[in-house]
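**Q** This is what each chain is made of:
2 protein chains.
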Amino acid sequence: MTNSTTPHTVPRASLKRLPLYLHLLENLMADGVEYVSCTQLAKEFDFDAILVRKDIELTGEVGTARIGFKVATLIGSIKSFLGWDKEQDAFLVGVGNLGKAILGYKDFKKYGLNIVAAFDNDSRKVGTKVFGYEIFSTSKFGDLAKRMHIYVGIITVPPEHAQEAVDLMVDAGIKAIWNFSPAPLRIPEGVILENVRLTQSLAVLTNKLKRVFKS
Amino acid sequence: MTNSTTPHTVPRASLKRLPLYLHLLENLMADGVEYVSCTQLAKEFDFDAILVRKDIELTGEVGTARIGFKVATLIGSIKSFLGWDKEQDAFLVGVGNLGKAILGYKDFKKYGLNIVAAFDNDSRKVGTKVFGYEIFSTSKFGDLAKRMHIYVGIITVPPEHAQEAVDLMVDAGIKAIWNFSPAPLRIPEGVILENVRLTQSLAVLTNKLKRVFKS
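From first to last, the protein sequence lines stand for chains A and B.
Take 0 as the starting number for the first sequence in numbering that gives the first Met the number 0 and just add one per residue.
Take 0 as the starting number for the second sequence in numbering that gives the first Met the number 0 and just add one per residue.
If we strip away everything but chain A, and leave its shape as in the complex, we get (with noise of 0.2 Å):
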């Protein structure tokens, strides 16, 4: 059943914005602040207040005329509607570099994600323990993941093999795929592809800085 105050469709920007709020918020909570207006936080980050009053309502949480919204309701109302509120039990596949940085980071969790193991195809990693996660054989991966009720997977692979990686996670059920590979993904409807692409952002910022050194 959907929230009939939820959208189907919730703008992807709106998405992007609310962690910047709740980040505030929570180190305004930090500080013992109360209570915070629509206006207040807009001007924190140069927006127009009526964008951040549309992208806070998408949470549910109005607030109350010249009061504003509590600080500690709407830091909880953000987190609900993010999905931070509970964990999410994830899968990575692909420890390589990449994927060991990502298992070295700790704080995924704060954001509602907990991975839980990891897998490689490579026999010289499988059964090694990286950062406390043991290393599974990629071959187990459908099994466990049904098995654990995993529904996101993380990949981490070297781009050839990132199809192979997704097409091992959608037999396997795994609904929500954080891809951190540079490649191009063909996923089935129905299942969330999410990119993280860090050599497309380098890419963005080497050129502009050849071009600065150029000028």
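Keep in mind that a hint or two might mislead.
Claimed, not checked - Lysine-lysine pairs mimicking DSS-like chemistry, simulated, CA-CA at most 27 Å apart:
id	chain 1	residue 1	chain 2	residue 2
1	A	105	A	139
2	A	69	B	207
3	B	207	A	207
In case anyone wonders, no lab produced these hints; they're calculated from the structure.
Model, not experiment: these values are computed from the prediction.
The hints should help you fit chain B onto chain A, whose structure is shown.
**A** Chain B only, in chain A's frame:
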């Protein structure tokens, strides 16, 4: 002096597609393929061939009718255009979990980025080593950046310290900032800011996933 074939503004979308072509071309070269056409590249990514041609033309390559592009030459041109043919030295500020993950990731060198030192304002971290990188006090950043001619800064501090890190970098003559912190940042004109928003990407994923389970 700006090369006359290089426009001052390159579409961001083109810059983000070029690394995709590059990865594919490197695979083709590894497989012994010598020539490739825009049509072949386009097909691989489900892009329009004219779009691919325009992207590639940005690098100065025009190809030969009916033969296409020499794979090795095109790889070189894309790398050079992206600034990945020579390494840029970079300083990283913020050796928390995220900073450590970035320092532990060894592949940025392939993309022209060479992290040479890391900085933190936590005195317990200063003087220690993380993945072979010595951690310096942020108070040393300006002197070292100027002495070593560093123009790229990577920000991995908590959001509430991100603006301080930007100001420190700008004062030290940093020209391009790769920001991993989920904070809105003010930078002066002429300084390049490129953001990687892991928590924002994760927000999109977890919110969509929540709605999959609700529907």
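**Q** When you check the alpha-carbon spacing of residue 69/A and residue 207/B, does it fall within 27 Å?
**A** This hinted pair holds, its Cα atoms lying about 26 Å apart.
**Q** For residue 105/A and residue 139/A, compute the direct alpha-carbon distance and say whether it is at most 27 Å.
**A** Since the Cα atoms of residue 105/A and residue 139/A sit roughly 25 Å apart, the hinted pair holds (cutoff 27 Å).
**Q** Straight-line Cα separation of residue 207/B and residue 207/A no greater than 27 Å?
**A** Violated, at about 33 Å.
Checked against the numbered hints listed earlier, the structure breaks hint 3 alone; every other hint is satisfied.
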